[in-house]
Structure formats: structure tokens, C-alpha cells
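Asks: What follows is the residue order along each chain.
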Amino acid sequence: MLNVLLTVIHRDLLVAFRRRAELMNPVLFYAIVVTLFPLGVSPDVSFLSKLAPGVVWVTALLAALISVERIFKQDFEDGSIEQLFLSPYPVSLLIFGKVVAHWIITGVPMLGIVPIMAMLLHIPGQVLPVLWISVLIGTPILSLVGAIGAALTVGLGGGGMLIGLLVLPLYIPVLIFASSAVSAAMDGQAVSGQLAMLGAGLILALILAPLAISASLKVSMD
Amino acid sequence: MLKAHGLKCVRGDTELFSNLEFSVKSGEALVVKGDNGSGKTSLLRILCGFSHPVEGDVTWCDESIFRHDSFRQQISYVGHQSGVKMDLTVLENLSFMQRLAGEGSDASKLKELARYVGLFKQRNVLTRKLSAGQVRRVALAKLLLEQRSIWVLDEPLTALDKEFIVKFELDLKNHLDKLGLLVVTTHRELKLPEFRVKQITLS
Amino acid sequence: MMWKFLHRLSSLKYFYEWSGKWIPWLTGLTIVLMVAGFYWGLFIAPADYQQGETYRIIFVHVPAAWMSMFVYVIMAIAGFTALIWRTKVSEIVVSECAVIGAMFTALALITGMLWGKPTWGTYWQWDARLTSELILLFLYLGVVAIHSAIEDSRTASRLSGILAVIGVINIPIIHFSVTWWNSLHQPNMQLVSASPSVHPSMLYPLLVMAAAFQAYFIVLLIIRMRNQILYRERRTNWVKQLLVEVN
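Chains as they are written, first to last, in the working numbering: chain A, 1 to 222; chain B, 223 to 425; chain C, 426 to 672.
Don't read these hints as lab results, they were simulated from the structure.
What you are looking at is a predicted structure, and each value in this text was computed from that prediction instead of being measured.
Among these hints, one or two may not hold up.
Output of the computed footprint for chain B on chain A, the stretches with three or more beta carbons under 8 Å from beta carbons of chain B [claimed, not checked]:
1) 27-35
2) 110-119
3) 140-146
Sample of chain C residues lacking proximity to chain B, with all beta carbon distances greater than 10 Å (derived) [as the list claims (entries may be wrong)]:
4) LEU451
5) GLY453
6) ILE469
7) ALA470
8) GLN475
9) GLN639
10) MET650
Here are the simulated SDA-like cross-link-like pairs (lysine to any residue), alpha carbons at most 20 Å apart as the crow flies [what the hints assert, rightly or not]:
11) LYS247(B) x GLY326(B)
12) LYS230(B) x SER578(C)
13) LYS351(B) x LEU310(B)
14) LYS542(C) x LEU559(C)
15) LYS218(A) x SER264(B)
16) LYS230(B) x ARG657(C)
17) LYS400(B) x ASP383(B)
18) LYS389(B) x GLN356(B)
19) LYS218(A) x ILE509(C)
20) LYS331(B) x VAL15(A)
21) LYS542(C) x GLY477(C)
22) LYS351(B) x VAL15(A)
23) LYS351(B) x ARG20(A)
24) LYS50(A) x GLY477(C)
25) LYS218(A) x VAL280(B)
26) LYS230(B) x ASP577(C)
27) LYS230(B) x VAL15(A)
28) LYS395(B) x PRO415(B)
29) LYS351(B) x ARG337(B)
Even glycine gets a Cβ: it sits at the ideal position worked out from N, Cα and C.
Sequences are here, hints too, so could you generate the full structure?
Replies: What follows is the structure, encoded as C-alpha cells:
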């Protein structure tokens, strides 16, 4: 069981690294969108740092959304999804492997870029660990939930806007608890409650999302 | 015994076929003929359990295949989209198929297989750089890797050269001799022992 | 007995014939309840001692808000049965509920905003209830959007059904997080929220209106479903025959 999970992760990472140039795209997207806020609103330090927890997380939501859209597209078009359904292993396990690979490709780079961009928005240094932990717990949820949207829209030509409409409302709890953890840390308050809620959300997503994804893919194949 | 009971398939606004009945035994081949768009691929996808017929049922050993997910594990399916990853090499593709089929990784077996399908020299080349016929060989190699009892093949001969077709027909014959079951669509003539072949034509 | 009936009901043709008999009765019931509820709520119920006459919008707002959640649950149950048993009737329930539910949600939002103007002095407040209701509208519109994006109507219905089931699991989580977020930012909000206990003289007309909305929902659902059934079965003999009889 674990072996086949690692096999799926390994294959998806291999495919991703064969297209190295695309790996940096989510990170660059993230950096550019965050840059827009000081330009569009105000470069004032106190104002920016007040806005920052929301900005870093709203942008993370958008970056996750656009990167997750294509997670099943290629597999759907080249017939790999059908082969997953013919294997003796549970489809939700194989699908879970794909989501893990997706998180390694897009979520892990976030762990690097988010603190840097947060500093540019004047989030104080001592808050960065909390921000980092919120990204660590939050981005896997974004990948799992986003993959449901990707599976629902995989049969459509261009599902870009549609997947946003489906997935962003489901991202709201992550946004609320994660950005509030960062704000609370900036105010010197306890953050364990928010992080615990994020953790609970992650567990729930880990249990339910693979089932929802495999059900959606099965219907999409029909 | 794989049996179709009154299958009906509708795609969009057109009815592809209805009241389709047939049965295939182990050791038999069902050759599906028909024009483009007559529903051959749709039929094969129904037999694999990927899509449901509008009416009717498919049974394997007298049980509906849509109620038993385990039925799918007896199928090797090679469709139009080959399921081969263009960004992986030949060996990487074969290795993934092997592990996904539930077998331990066996590098020497894979090399042997690459040699058998005539891709030994290209074994470390990205599939993207191969010709269409060579990609199809990679896809068909799965049949020998998985060793399952039901082979469902959609236009397997497309893009293959004559030499490989002869070899492949031998593999199909072996499969039938071992009491395997074969469902295949094809435009070209496929040389198989006649007493094992059943043919239906979709119109 | 019960199962046998449900099984027969899951055939589109049987559902069409069976539901046709109920429409006149249900329509009559809806009209009676609506008229009674409006008359009771708008003319008989006393004015509120704080909000005066403006509070009367709750006789539309509250039932609409209740229905917005109720319809989602019905839609999710139908989505679940469509996935498990592949029943065509529940597939149709999903897509029709999405449209009706979005309508009720929009009605609840609009009446909430109209009520907000005299009470809060502004049409929109980021209050927990309104925000949750707005997100609920987005969830409904997501189901409507995916349904209309996919060409094959059965695939479309089943995928919207999955989305409805996911949504129903998420609604409590979203509602909880929004309430929590709201309590963080606007601790004084509960002062202007609807009072927890409603006087019977206002409660009874409210319940009549709620019943009227329920009846209206059922009539609307059945009528919409019958249209959809005729469309999906347009190539079958029984629909063709029906059309001949009508002409």
C-alpha cells in the first residue's frame, strides 16, 4: 500500500521535474500578486502590516487555485486515470498520492516564498514562525480541496473560472483561521486555537477529499 | 463468460446502439467492427465499467460488472489514449505499470520486455521523442506485464508496422490459448484462429 | 410497500404521471397559506415596540432564510442518492433544487439588506448571518454553474450532486468559521440581530408563512422537475405520445 503511494508520488514528481521551467510559476505568481497590494493600496508601513495577514493568505488561496486546476488534466487526456481505476489498489489512495505530489511541487515552495513576501509587507520577524506553521498546515488543505474542484471540472475544456467559483467558497475557513492566527500573533495573542482548527480541517480534508475526488473522477469518465 | 444484455448507448443526441446482445467465453475473442462513430469505443468503455449503458447490463460469471469493482482488476485496457506518460522514458513507464499492477519492481524483467517490444535501444529515451507506433508498443507491453485474463483493446494495430503486427497476433493467440478473453476493435484484418473468433458489427 | 412505491417513483414516467395529480391541490394550498400568512403578518400582527412596522419584512426574510438551508439539505440528500443508486429522479431534484435554493437565498439576502437599511443605517453589514448567507449563495451558484457547464445532463447532475454533498459537509464549518471571525471583529453585533425570543403574536404568522414557503417550494420543484423530465425523455415514446395527445 505504502509502496504504491510512493510510486505514484515518484512518478508525478518525475513528470513535473521533466518540465522544470513550470515549477517556479506558482511562486512567481505569488510574489507578483503580493507586490500589487502596496502599489494598489498604499506603501505606508503601519497600514500594510495591518493588511498583511489577509494579503499573504488571499494570495496563497489564488496561487493554490490556479496551480491545482491542471492536476488531473494531463492524466485525463492521456488515459492514465482509466488505468488507475483498473489497478488492484483503492483509487482514493492513488489519487491521494497525486495530491501529495502536487503539494510537494506547489505547496513546499510556498513555505519559502511566503515568509519573504511577508517581510516585504512588514510583518514582524517574530511572527514569521506562526505564519510559516499556518502555511505548513493550510496549504495541504488547499491542495486537497482544490483537487476536488479540479476533478469536478476535469471533463470541461477551460474550467479556469468555474473551478474558482466551486473551490473558493470552500477555502473560506482556511483563510479565516490562518490569517487570524497571523493577526493574533502580531497582536501578541495566543494562536493555538486557530492552528488547532486548521489542524482539524486538515485531518477532515485528508479523510474526505480523496473519496470525493475519486467519486468525481469516476463520474467525469462516464 | 462475459455477457451483454440489451445494451443501449446514447452519446449527446444520437443513439449509438440499442438492444445489443452478445456473450464471449474464456478463450474466445470478440471482434467489434463498425464505422467511425458507431460506438465501438463507447462499448469497450462500458465493458471496462468506466461508463454505464443507458439501458441493459453487462455480466461476468452471471454477476453485474457494475456491482463488483473487483471485476476491473481482471482487465487490461489499452485505448486510444495509451495511458503512457510522454514525459517519462520507456523503462520508467513500464516500471510504473508494473508497480501499479501490484507486482514488485523487477528491473531485469522490464529490460527483457523492452527488448521484446523492440525498444531496448530506446529504453532510456523520453516517450515524447518516440514515433506513434513505438508509443503504442509501450502501451501494449502492459498486456504482457499485467497478465490479466480479459484484454480489452481499442484499435491496437494503429500505427504498428507489419513485423510487429505478426508478433502481436502471436501474443493474442497465446492469450486465447491460455483461456484468456479478448475484446478488440479494429479496422484492419486481425489473423486469429477462426474457431475462437466471434464478430459483431455496430451500425 | 414503502420501498415498492419509492422504486416506482424513481421511474421518470411514473413520477411524471403521479406528480401531475398533486399539482392543483398543492397550488391551492400554497395560495391559501400565502394569503393567510401575509394578511396575518402584515395586518393583524402588532407592530414591534422597537422597530415599528419595518420588522414585518421578517415574514418574508426568515422563511426565505430557513428555506435556503432546507433546500440545500434536500439537494445534498438527492445528490447522495443519485450517486449511490443512480436514480434519475434524484438527479433531476439536484439540478432543480440548485436553482430554487439560489432564488430563496437571494430573496433572504435582499430582504435582509432592505431590513438592514432602517435598522443598521446601511444596506450591508459584514454580520455573521448575512455573510454566511452570501457564501451559501455562492455555493448554490457553483452547483448551478457546474450543471450548466457540462453538456451531458446525467453527468452534469451527478457532478453537481457530488458538489452538493461536499457543500453540505462544509456549510457547518463555514458557518462556524464565519461566526467565529465575526465575534472577533464585531463583538457588539448581537444587539441588532433578531431577538432570540419572538412573541407568539408574531411567531404564529411567521410559522404560517414558513409553511406557505414550504408548499411553494414543493409546487415549484414538481413543476420544474416535470419540465426537465419531458426534456430529458424527449426521445422516448411516452413523451412523443403525450405531445400528440396535447396537440
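Asks: For each hint given before, does the structure comply? Return the numbers of the non-compliant ones in rising order.
Replies: 1, 2, 3, 11, 17, 20, 24 and 27
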